[in-house]
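If you read the sequences in order, they're chains F and L.
Numbered continuously in the working numbering, the first sequence closes out at residue 509.
Numbered continuously in the working numbering, the second sequence closes out at residue 311.
There's no promise every hint is true.
With the C-beta cut set under 10 Å, the calculated list includes, among others, these residues of chain F facing chain L [said to hold, decoys possible]:
hint, residue
1, G66
2, V69
3, S72
4, N80
5, Q87
6, F89
7, L158
8, K269
9, E375
10, T376
PhoX-like cross-link-like pairs, simulated, lysine-lysine; straight-line CA separation at most 25 Å [said to hold, decoys possible]:
hint, chain 1, residue 1, chain 2, residue 2
11, F, K272, F, K317
12, F, K111, F, K253
13, L, K117, F, K109
14, F, K253, F, K65
15, F, K317, F, K257
16, F, K125, F, K23
17, F, K433, F, K382
18, L, K117, F, K75
19, F, K49, L, K206
20, F, K177, F, K255
21, F, K125, L, K182
22, F, K177, F, K257
23, F, K433, F, K217
24, L, K206, F, K111
25, F, K75, F, K49
26, F, K228, F, K267
27, F, K361, F, K433
28, F, K433, F, K250
29, F, K111, L, K117
30, L, K206, F, K75
31, F, K257, F, K417
32, F, K217, F, K311
33, F, K177, F, K9
34, F, K109, L, K182
No lab work stands behind these hints: they were computed from the structure.
For each residue, glycine too, the CB sits at the ideal point set by N, CA and C.
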Amino acid sequence: MNSNIFEMKGISKSFPGVQALYKVEFACVPGEIHALVGENGAGKSTLMKVLVGAYRLDEGEIRVKGKRVFFSSPKDAQVNGISIIYQEFNLIPELNVAENIFLGREPLKMKGLAIDNEHLYARSKELLASLEAGIDPHEKVGNLSVAQQQMVEIAKALCLNADIIVMDEPSAIVSGKELESLFRIINSLKEDGKSVVYISHRIDEIFQIADRATVLKDGRLVGTVRPKDIEKPEIIRMMVGRSLDQTFPKKEKGKRKELLSLKEIYKGKVLKDISLQVYSGEILGMAGLVGSGRTDLARVIFGADGFDTGKMLFEGKEVRWLNPKTAISNGIGFVTEDRKAEGFVGCLSVKENLTSLILPKISKWGWINAPVQDETAEACVKQFNIATAGLEQEIQFLSGGNQQKVILAKWITAQPKLIIMDEPTRGVDVGAKVEIYQIIRRMAQEGKAVIMISSELPEIIGMSDRIAVMYEGRITGEISGFDATEEKILMMATGQIKGNGRNHVHESR
Amino acid sequence: MSMSLGKVKENRTIIIVYFILFALVVISASSSEIFLRPRNIGNILRQAVAIGLVSIGQTLVILTAGIDLSVGSVISLTSCLTAGLMMGRNSMLIPVAALVIGIGLAIGFMNAFLIIKTGISPLIVTLGTMSIVQGGVLVYTNAAYGEAAPLLVSFAWGQVGFVPGPFLFLVAVGAAGMFVLKRTPFGRHIYALGGNEEIARRSGVKTDRVKIFTYMLCSLSAVFTGLFLAGRMGMGDPLIGAPYMLDSLVPVLVGGTLLSGGKGGLSGTFAGIFILTVLSNALNLLGVSGYWQWIVEGVIILGAVAFYEKR
């Protein structure tokens, strides 16, 4: 039996230092919605990039309609009926909808001299009508909403006569009504006999639309299941269920005292009814899916954003930071998620970055005390084991792990009482990860309050004394770091179970 | 047919630019009685030719999010070579014109080639070629030199009624440019390139080829300006093109094309050309010194660009 429209067999792919995919099998039949699920970093996107030729595979074979194929680029795959729609769209905002749908493939007239605009607009109108999108083909793409742009991408794929449409986490950018109409369209594509590969890590959606779901974990195939035959917790177990590494330091706390207290904080659509206590001497893990509001909450605590209603108490006093500068001078630090954009100044030296927060302390009348600056930087490099060619080395030439250590060291020398870390080990190799974990734990032992945001569940569980889980702007539960399992957290992070929030804290010693 | 939001917005820019031009004409006409006389109108149209031709090419380049600062030196080179090689002989008109067009296209090709291969920004690349070409011209001759073919001179000074002949040439070039931009795949790809080069490439646009043609067309438009100026002056001048390096940008920017690329077009540039020539003509008629004209021009550029960037 071989009715598969495409099949991938024994696919392996490695990047320097990482086995991204190992002997993965994946196939689709015509008229099927096949979900590809797994945690961040499970290899879902990598597998699809291998399918469309954006990555070359190390091992294995891909067959489309029974024939073995070797795509050299996504463009090549497109010509052969496979279109992929990324979270970041391939549309040009300055051009209109129809011009975008046909970009690079304009229909011609006058012996190829001019664009056949009648055909271009008529065909675009037809395609958009078939999607019931209600989008004017003359509208500039830049004026469209994200959901509408997604429709234009789908129209573009249809215009290319795609039989197979891969959608990379479409629900990461649309939700609610827009997501419903996306589902309606995906179902109508299915009725037309097209195959849709739907990448997601949201369990609900998979049960809502997928005919089959293939689960990946750490680059390996866990299994392919029919959602209607199984229960939700089973899929969640397939997605996680792994033992924790022995990479985490012992959970020894410092002196515990309430430092920050949030009471019923609301902010626009991103934060709802947030109440949370943060204690010195312990690590509070913040879990949740991308877009659940963790970073927004961190930005409020750091004074980078304001909030609408609610109360924030810091050391018992009600506060409302005007800007990060006041938060910093009151003892709050923030190691941001996006190192390159917000964490350091790439063209400045290691020394200058290390001392950027304590400049007022080491300068007099606007002049930096150079010997003190050198000593401080020297001490940091030693203490945090930063591998650099020297203090004058530009930080952009350091490895990701060492850049992160510089950032941590910079904040620690500023002596904050509370430090927030957003994805502190993203893009950091395993060796440096362990060192960073130790630095973080040491801060807690020294009596600082640490908030650690992470999408890596093992890291959250391995590091945190207490874990708060967010889902759609709310804190859906709190759980002790000793009782937490990946299943429990994921259930809360996907809104499967609603913990009682703040009354749910266990004190475990 | 109903107009979409995007179209209305785009058209609004054009309407504003033409309204400014219209207002300028009305003010000029009411402050000087000479302004509307056919002879003066003819003057304005002739003034528009040199700046107009080169800014058409510049528009294409800026739409791709590039810039060409070498146009001034190409104009000087064309002017000197044309007069220097023709030496007043009509028989040399066609061969010399062909030669300077070829040289212009080669310079445009080099610009694009260097931009693509080195990854250096167009600003720096064309600044470099500008310096090289301008230096070459001054090596060739450091003073006014040569004699343009009489046919070229009579073309430059020719009239059809009160309309100067070369102005009709400008209109033809402009119309061709509009057709290319609005109706051909090449034109659409110019916009796509200016919008987002990476996405354009991924959509199958041959971005390198588009760049090469665009810079070649831009240099070609500078050659046209150079030929016209050689005819109008009757001889070559090694520094005649220098002001066009920056002047060629002014109609483009005033006409609503953004330096960041992807937005704007030739109808705006046309209004920009006339805003500048009418302004300079009116200020001349009022006896305002050229230095003041610079100040007014600067204010207009800053005002216009600030206005468009805000929208």
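Verify the proposed pairing of K206 (chain L) with K75 (chain F), using a straight-line Cα cut of 25 Å.
holds (13 Å)
Does the alpha-carbon distance linking K257 (chain F) and K417 (chain F) stay inside the 25 Å limit?
holds (11 Å)
Under 10 Å is the threshold here; is the Cβ of N80 (chain F) close enough to any Cβ of chain L for the hint to stand?
violated (14 Å)
Holds or violated: K109 (chain F) with K182 (chain L), Cα cutoff 25 Å?
holds (14 Å)
Holds or violated: K433 (chain F) with K250 (chain F), Cα cutoff 25 Å?
Holds, at about 15 Å.
CA of K433 (chain F) to CA of K217 (chain F), is that 25 Å or under?
The hint holds at about 20 Å.
Is the hinted pair K228 (chain F) and K267 (chain F) satisfied, with a Cα-Cα distance of at most 25 Å?
Distance of about 38 Å is beyond 25 Å: violated.
Given the proposed pairing of K177 (chain F) with K9 (chain F), does the C-alpha separation stay at or below 25 Å?
violated (37 Å)
Between the alpha carbons of K111 (chain F) and K117 (chain L), is the straight-line distance 25 Å or under?
violated (33 Å)
Check whether the Cα positions of K217 (chain F) and K311 (chain F) lie no farther apart than 25 Å.
Given that 25 Å is the threshold and the Cα spacing comes to 41 Å, the pair is violated.
Would you mind confirming whether the straight-line C-alpha gap from K117 (chain L) to K75 (chain F) stays at or under 25 Å?
holds (23 Å)
Is K206 (chain L) close enough to K111 (chain F), meaning Cα to Cα at most 25 Å?
holds (20 Å)
This entry does not satisfy hints 1, 2, 3, 4, 5, 7, 8, 9, 10, 12, 13, 14, 16, 20, 22, 26, 27, 29, 32 and 33, going by the numbered hints stated previously.
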